[in-house]
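Order-wise, the sequence lines are chains A and B.
Under the UniProt record's numbering, the first residue of the first sequence carries the number 1, and numbering increases by one thereafter.
Under the UniProt record's numbering, the first residue of the second sequence carries the number 1, and numbering increases by one thereafter.
To be clear, the hints were calculated from the coordinates, so they are not data collected in a lab.
The model shown is predicted, which means the values in this text are computed figures rather than measured ones.
Warning: the hint list may mix true and false statements.
Stated by the list, open to error - Covered, in the sense of this in silico footprint (three residues per stretch, anywhere, with C-beta under 8 Å from a C-beta of chain A), are these stretches of chain B: (1) 56-69; (2) 109-119; (3) 200-212.
Said to hold, decoys possible - Computed far set for chain B versus chain A, every beta-carbon distance over 12 Å: (4) G51; (5) K137; (6) L171; (7) S237; (8) D294; (9) G397; (10) A405.
As the list claims (entries may be wrong) - Just the calculated beta-carbon pair ranges, DEER-fashion: (11) B:D71 with A:N126: 53 to 61 Å; (12) A:V138 with B:D364: 45 to 53 Å; (13) A:G54 with B:K296: 52 to 60 Å.
Think of the CB as a built atom: it goes at the ideal place given N, C-alpha and C, for glycine as much as any other residue.
Take a look at the letters that make up each chain.
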Amino acid sequence: MEKVNITPAEKTAAVPAVRKKRKWTADHWLAAAFLAPSVILIFLFVYGFIAWTGYVSLSNWNSLVPDWSFAGLKNYWYLFHDFRFQADLRNTLVFTVLFIAAVIVLGQLLAILLDQNLRGESLFRNIFFFPMALSFVVTGVVWQWLFNPSTGVNLFLKPLGLDSKWYTDTTILGGFHWGKIEFGIPVAIIAVVVAAVWQMTGFAVAMYLAGLRAIPDEVREAARMDGATEFQLYWKIILPLLRPITVSVIIIMAHISLKIFDLIYAMTGPGANFVTDVPGVYMFETTFRGNYYANGAAIAIVMLLSVAIFIVPYLISSRKGGS
Amino acid sequence: MRKKASAWLALALGIGMALSGCSSSNSSSDNAKQGSQKAGEKLEIFSWWTGAGEEDGLKALIKLFQEKYPDIEVENAAVAGGAGTNAKAVLASRMQGNDPPSTFQVHGGAELNEGWVAAGKMEPLNDLYEKEGWMDKFPKALIDMVSKDGNIYSVPVNIHRGNVLWYNKKLFADNGLQPPKTFDEFFQVADKLKAKGITPLALGDKEPWAATHLFENVLLGTLGTENYKKLWTGELSFNDPQVKQAVETFKKMLNYINEDHSSRNWQDAAQLVAEGKAAMYVMGDWVKGYFVNDLKLKVNEDFGYVPVPNTEGKFMVITDTFGLPKGVKNPDDVKKFLAVLGSVEGQDAFNPLKGSIPARIDADPSKYDEYGKQTMQDFKTAELAPSLAHGSAAPEGFVTKVNQAVNIFVTQKDVKTFIDTLASAATELKK
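Start from the sequences and build out the full structure, keeping to the hints where you can.
In C-alpha cells, the structure reads:
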C-alpha cells in the first residue's frame, strides 16, 4: 500500500522539482532583491547574535565591566560542576519527557473522541483549544494559585485527608546520586507539567484532528470489511498513519519545553532546592541579577544545543523527504 | 514584460520608502532633541517602588518636586518585584545598552560602589553635597556607604532597619511569653509555641533573598558588628568557627518555620503573623508599612517589634539612594530632583508613607509614628552594619551565589556544603 500523505508540508512538496543549472533571469534577480533585506536582517539578528552569545560565553565577562579576554571553556566547566545546573538538566529532562508523553497521549485521545461526529463539536474544539490563547505567564499564575498548599484545590483535598504540597514538595522520586545531584523525578515538577499540559494539549488535539480528517474513509471501510474491530482499527491502522503528526508534535513541544522560562518563572520560580529550576530561569538570574554575563551566555548556548539536538535531525529528514 | 517592470518599480518604491522612512525618523528625533533643550527632557525616575506604602511615598515625593519645578516633566518608571529583583534586570540591560534612566534607585554600599561606580557608569555628586550643605546632615557612616575613592555617588532618601523581629502581640500575651533577646530565649519561646501548635517563625522564601535575610541576621547576632563586616572584605574567612556556629543556629531555626515557606513571598509570610498563624517574623521594617498601610494593623497593639535576638544596639542598615548616571541628557534637572530628595522636606514627605526613617539626622520626628521615632533614636546611637541580602555588603554577583547556596541549604541542611560554597564564592570578594 502506498503511504498516505497527510501533512500539509508533504502535500505541497509532492511534485518533485527538476533541478537544472540555469542562467539567472531577471525574475531570479528580482526574487533575490526582495529576499535580500530579510536574509540580511536574519543573518544579523539571529545568527549574528547567536555567534555573539557564543563569543561572550568564551570570555571572562563576569561583572558589570565587559572583559573580553579569552576564557576558553571555563564557563562551561563551571556550569557542569554546578549543583544548580545539574539540577536544571535533570529537571529539563524529566519535564520534557513527562510533558511530551502527556501531550501526545491526551491529544490523540481527545482528538479521537472529538472525531466521533458528536454534536456541538466546534464548542468542544474551542474549549480544548482555548488555553492556547493564553500566555504561559497567565497559566503559571492561575495554576500557582490552584496548587498553592493553603488555597485552591487543596481546600477540597484536605477534608479528604490528602495534604498535598504540590509545587513546594522537595521530594525526589527514584533517588540515586549522579554528580552532585539526586537523580529522579522531582515531585514538584509534576505540578508544572500539569499546567504546561493543560496549556498545550489543545494544540496537539488540533493537529491530530486535522490528521484524522485527512485519512480517507476508504481506509476505515476496507479495514472494517476485513473484520477489524474499532480498537484494532485505531491501534493498527489509524495511529500508525498519524505518526508524521506525532513527529511534528514532538518537535514543537520539545523546543517549547527545552527553552521554557515564563511558565516556571511565574508559577514556582527556581523552587526550594532547585526542584523546579530550568536553564532558562538560571540563565536569566545569572545574567541579569548576578551580572555573570559569560556564565549566562554559556547557559544560553547549552540551551541552543539541546534544542538543536531535536531540530537538526528533523530539518535533515524533512529536506530528504522533500527532494 | 509590463508585469516585470511594475514589480521592479514596486521594489524601487519600497527601498525609497524605507530610506525616506529612516531619514524622516532621523529628522524627527533631531527635532525632539532641539525641542527638549527648550522644554527639558523627561525626568525618568527608575525604582521598584510599586507596593502600597512605597508607591505612595514615591508619589508624594514626585508631587513635591513638581510643585517646585512645574516645567519639568516627570515619568515614574517603576518596575514591580520584591527587593528589586526584576527592576535590577531591566536596569542592567538599559545601562549596558547606554540608555540609562535619568536617575535610579540603588542600595547604598557594594551594589552602588562595586557595581555601577566600578563600571564607570556614575557621575560624582560632591559639588551637589557641598552646594546643599549635606556633609554634616547625613551620618558619616552613611556617606561612606555611597562613596568610593573619596567621591560621593548618590543621595540616600531613606533608612530601613533589617534586624527587626516582628511578633504577634496577642499570641505572646495569651501564652504569657516575652519577646526573646538572645538566641537561647528564642528557642525557649519557639519550643513553647510549637508545643501549642503555633508556627513559631514565619518565612516566605519563594524569592530566596528572604532566607538570606534571616541568615544574615543570625550572622550579625553571632559574630558581632566588627567580625560581620570583616566577612565582606575577606578579612574573616567563612571557615571561621563562629560562622559555623551561626550556620548551626540558622539550621536550628529552620525547624520552627511554616511548612509552605517556599510558596510564600515576604508579604505572604508577614500575613501569617498578622493572622495569628505564626508568632514571629524576622524581616526588615518595610513589614511595618505593609502591616499598617495594607492590613490596617496598629503598632504596639496588634504587632510588636524588638531587635533580632543578640542584635540589640546593632542596626542592619538598608538605604535606598538615587544617583546620576553618566550620559543622561538632562543632568541639571536630575540634580534638582536629587536636591529635593535629599532635603528635609523631601525626606519627610516620602518616609512616613514608605514606613522607613529619613536618612538625614535633622528630619522632623513628629511626622513619624511610634516605631519610626524609636528607630530614628536607635539609628543615631547603634552600630551600623551593611545588609548582605539587600546588596549593601557585597557585590550583586556574590549575593546571587549566596542566595543559591541558602536556597539549597534550607532544604538539604548540609552545614559543610553550605560553608564550602560560601567560602569558594568569597574568593571573588578580594578582587
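Going down the list of hints, with the structure as the test:
1. 56-69: Three-residue rule not met by the segment 56-69 of chain B, so violated; n is 0.
2. 109-119: holds (count 4)
3. 200-212: With 4 residues close enough to chain A, the hint holds.
4. G51: Fine: 18 Å to the nearest Cβ keeps G51 of chain B off the interface.
5. K137: The claim stands: K137 of chain B keeps its Cβ more than 12 Å from every Cβ of chain A (closest is about 30 Å).
6. L171: Holds: least Cβ distance 19 Å, greater than 12 Å.
7. S237: Correct as stated: the minimum Cβ-Cβ distance to chain A is 22 Å, above 12 Å.
8. D294: Nearest chain A Cβ is 18 Å from D294 of chain B, so the label holds.
9. G397: Non-interface label on G397 of chain B violated, nearest chain A Cβ at 5 Å vs cutoff 12 Å.
10. A405: violated, 9 Å
11. B:D71 with A:N126: 53 to 61 Å: holds, 54 Å
12. A:V138 with B:D364: 45 to 53 Å: Taking Cβ atoms as reference, V138 of chain A and D364 of chain B lie about 46 Å apart, which means the hint holds.
13. A:G54 with B:K296: 52 to 60 Å: holds, 55 Å
Comparing the model with each numbered hint stated earlier shows that hints 1, 9, 10 do not hold.
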